[in-house]
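**Student:** Take a look at the letters that make up each chain.
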Amino acid sequence: MELLSLSEEEWTAIRLSLKVASVAVLTSLPLGVLVAYLLARKRFWGHALLNGIVHLPLILPPVVTGYLLLIAFGRRGFIGSFLESTFGLILSFRWTGAALACAVMGFPLLVRSIRLSIEAVDGKLEEAAATLGASPVMVFLTVTLPLILPGIIAGLVLAFAKAMGEFGATITFVSNIPGETQTLSAAIYTFTQVPGGDAGALRLTLISIAISMAALLLSEALARRVGRRIEAE
Amino acid sequence: MTFTVEIRHRQGGFRIEAEFASEGGVTALFGRSGSGKTSVLRIVGGLVRPDHGRILVGDQVLLDTNKGICLPPHRRGLAYVFQEPRLFPHLTVRQNLGYGQWFARSRSSFADPEKIISMLGLEALLPRRPGLLSGGEKQRVAIGRALLAAPRILLMDEPLSALDEARKAEILPYIERLRDELNLPILYVSHSVGEVARLADHVVAMADGRVTGIGGASEILGMQTMATGRESGSVLEGLVRLHGEDPDLAAIELRGCCLLVPRGDLHEGQKLRVHIPAREVLLATAEPHGISALNVLRGEIQALTGSDGGAVDLTLLCGEEVLRARITGLSAKRMDLAVGQSIHAIIKTVALNAPGLAH
Numbered sequence: 001m002e003l004l005s006l007s008e009e010e011w012t013a014i015r016l017s018l019k020v021a022s023v024a025v026l027t028s029l030p031l032g033v034l035v036a037y038l039l040a041r042k043r044f045w046g047h048a049l050l051n052g053i054v055h056l057p058l059i060l061p062p063v064v065t066g067y068l069l070l071i072a073f074g075r076r077g078f079i080g081s082f083l084e085s086t087f088g089l090i091l092s093f094r095w096t097g098a099a100l101a102c103a104v105m106g107f108p109l110l111v112r113s114i115r116l117s118i119e120a121v122d123g124k125l126e127e128a129a130a131t132l133g134a135s136p137v138m139v140f141l142t143v144t145l146p147l148i149l150p151g152i153i154a155g156l157v158l159a160f161a162k163a164m165g166e167f168g169a170t171i172t173f174v175s176n177i178p179g180e181t182q183t184l185s186a187a188i189y190t191f192t193q194v195p196g197g198d199a200g201a202l203r204l205t206l207i208s209i210a211i212s213m214a215a216l217l218l219s220e221a222l223a224r225r226v227g228r229r230i231e232a233e
Numbered sequence: 001m002t003f004t005v006e007i008r009h010r011q012g013g014f015r016i017e018a019e020f021a022s023e024g025g026v027t028a029l030f031g032r033s034g035s036g037k038t039s040v041l042r043i044v045g046g047l048v049r050p051d052h053g054r055i056l057v058g059d060q061v062l063l064d065t066n067k068g069i070c071l072p073p074h075r076r077g078l079a080y081v082f083q084e085p086r087l088f089p090h091l092t093v094r095q096n097l098g099y100g101q102w103f104a105r106s107r108s109s110f111a112d113p114e115k116i117i118s119m120l121g122l123e124a125l126l127p128r129r130p131g132l133l134s135g136g137e138k139q140r141v142a143i144g145r146a147l148l149a150a151p152r153i154l155l156m157d158e159p160l161s162a163l164d165e166a167r168k169a170e171i172l173p174y175i176e177r178l179r180d181e182l183n184l185p186i187l188y189v190s191h192s193v194g195e196v197a198r199l200a201d202h203v204v205a206m207a208d209g210r211v212t213g214i215g216g217a218s219e220i221l222g223m224q225t226m227a228t229g230r231e232s233g234s235v236l237e238g239l240v241r242l243h244g245e246d247p248d249l250a251a252i253e254l255r256g257c258c259l260l261v262p263r264g265d266l267h268e269g270q271k272l273r274v275h276i277p278a279r280e281v282l283l284a285t286a287e288p289h290g291i292s293a294l295n296v297l298r299g300e301i302q303a304l305t306g307s308d309g310g311a312v313d314l315t316l317l318c319g320e321e322v323l324r325a326r327i328t329g330l331s332a333k334r335m336d337l338a339v340g341q342s343i344h345a346i347i348k349t350v351a352l353n354a355p356g357l358a359h
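Just so you know, the protein sequences line up as chains A and B, in that order. Under the numbering used here, the first residue of the first sequence is numbered 1, with each subsequent residue one higher. Under the numbering used here, the first residue of the second sequence is numbered 1, with each subsequent residue one higher.
No wet-lab data here; the hints were simulated from the structure. One should not assume that every hint holds.
Only pairs whose alpha carbons sit at most 25 Å apart, straight line, appear in this in silico SDA-like list of lysine to any residue [said to hold, decoys possible]: (1) A:19 with B:133; (2) A:19 with A:122; (3) A:42 with B:74; (4) A:124 with B:270; (5) A:42 with B:47; (6) A:42 with A:53; (7) A:124 with B:168; (8) A:42 with B:164; (9) A:124 with B:163; (10) A:124 with B:103; (11) A:42 with B:168; (12) A:124 with B:133; (13) B:67 with B:172; (14) A:124 with B:34; (15) A:124 with B:191; (16) A:124 with B:164.
Computed Cβ-Cβ distance ranges for the label pairs, DEER-style [stated by the list, open to error]: (17) A:22 with B:105: 50 to 56 Å; (18) B:208 with A:49: 53 to 59 Å; (19) A:145 with B:208: 55 to 61 Å; (20) B:13 with A:78: 32 to 38 Å; (21) B:105 with A:19: 42 to 48 Å; (22) A:137 with B:121: 39 to 45 Å.
In this text, all values refer to a predicted model and were calculated from it rather than measured experimentally. Just so it is clear, CB atoms sit at the ideal spot from N, CA and C, and this is done for glycine as well.
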């Protein structure tokens, strides 16, 4: 049992990872839905460009994404210095920066999943809602949104899983500071770099598997419940 | 509620030009598929913005391109029944019905919801989800949902075309009840002579994006059906008189002649329109004896035209009613038919089959 009891630092890493991943997906969700809706339903100048930018983190080496974040959101970066002087918000080497890195890395997965489900919604239903007196915003809230709920849940889980496992961009942007930016993945990496760290790495690996599995099962259950309501058609 | 519609619109290479008005009742936009009637309905509903146009309902302007007015669909106060039901799958029947009602809560409705629900026979369906309903039930819910939105005009785009004959027969009486009991103007798009003959008060006939005729149903349908192939026939209108000798029969009193039909649920004095397909009319030069058909009308040949496929179309004047008949060219030749000749038209009773008019 000695092997399975977690040290205080390990607990900290787990709690931090859960906090970072949750904040990352929940704050990026509204923007994700908006971008997915624009990409799925609107034709505008720069459509392909927006699509490309959203998907970039998926294909760039994570280190590159992390470095770009460091340039832009670092304390001397053009966005970072603005955020600090205006809102007092510092991202570099803080857990909030880790959340930003995770959000950026998970964003393409979130948008992709939601966009596909929006495209699967029959536009004729939205048309019918409009003829019944619903304004475009009400059409979205009462018809589109309930119908894409399974897609949103799937997107959230994918992005959450990505955020839990995110390593390259995070460590490049906010480094590996225990208690502040050392997430589960970074902690495992640290254990593998010190002699006698195998047991710690293994414990955290098992925890990591358990969390991922739990998230997956939860999302399946949620999607089934929502799906049962909608599927009937 | 009166409304006027004036539209000019180009859709790809197709030009639509329509101008008509309605004083209420059921106005049918009638024509073959591709004649532009659905496009006109979509423009009225606000789903398509035309190049030029003006649409008035009562004294409210829904669209006036000269003044840059074009109300979006949700602010037009109309409701639309589409070919397919388009029910919201995530809501129950009750919630579907309540959808438009919720947005219309500030408007006074012309009928209370209970009445509409019972009129359409929806009570038993209320807690169910749309996915488990039959096609006919779904379309009834869609009609109810549109009515509960308290529209000033109901737009219907071939609401029966996706249904089989049995389902059509199930829904038609409900639409007739809307017309008779709710005093709601309906703009009804259809290519079916039978449906239009049965439902419409006024007909706007369309072909190739243009209006080719406006008028009463019998007048326009009679004129129109002459030109079209399969459904060619006559539409006659008369009053029902119950038959003295046989309780199972009823007579339809036309102008200068009379037809016998199975009584069904017809009642004395009822106004009725019947559609007689041209090919259901047989001709005889001498008065036929020993024949099972009940309806033999005496008439005179007014016109005789050869049509495609070697058939000959005849226009007969029976009393004051105009009857169309279609026979083969060979028969016309053998019988030596000519304009002005007196003739007997034999109509199989079943062909009338009022008021179902299944074609």
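**Student:** All the hints need checking, so say for each whether the structure fits it.
**Tutor:** Hint check:
no. : hint                         : verdict
1   : A:19 with B:133              : violated, 46 Å
2   : A:19 with A:122              : violated, 37 Å
3   : A:42 with B:74               : holds, 20 Å
4   : A:124 with B:270             : violated, 40 Å
5   : A:42 with B:47               : holds, 17 Å
6   : A:42 with A:53               : holds, 17 Å
7   : A:124 with B:168             : holds, 22 Å
8   : A:42 with B:164              : violated, 37 Å
9   : A:124 with B:163             : holds, 18 Å
10  : A:124 with B:103             : holds, 19 Å
11  : A:42 with B:168              : violated, 38 Å
12  : A:124 with B:133             : holds, 19 Å
13  : B:67 with B:172              : violated, 40 Å
14  : A:124 with B:34              : holds, 20 Å
15  : A:124 with B:191             : holds, 22 Å
16  : A:124 with B:164             : holds, 22 Å
17  : A:22 with B:105: 50 to 56 Å  : violated, 39 Å
18  : B:208 with A:49: 53 to 59 Å  : violated, 43 Å
19  : A:145 with B:208: 55 to 61 Å : violated, 42 Å
20  : B:13 with A:78: 32 to 38 Å   : violated, 52 Å
21  : B:105 with A:19: 42 to 48 Å  : holds, 44 Å
22  : A:137 with B:121: 39 to 45 Å : violated, 35 Å
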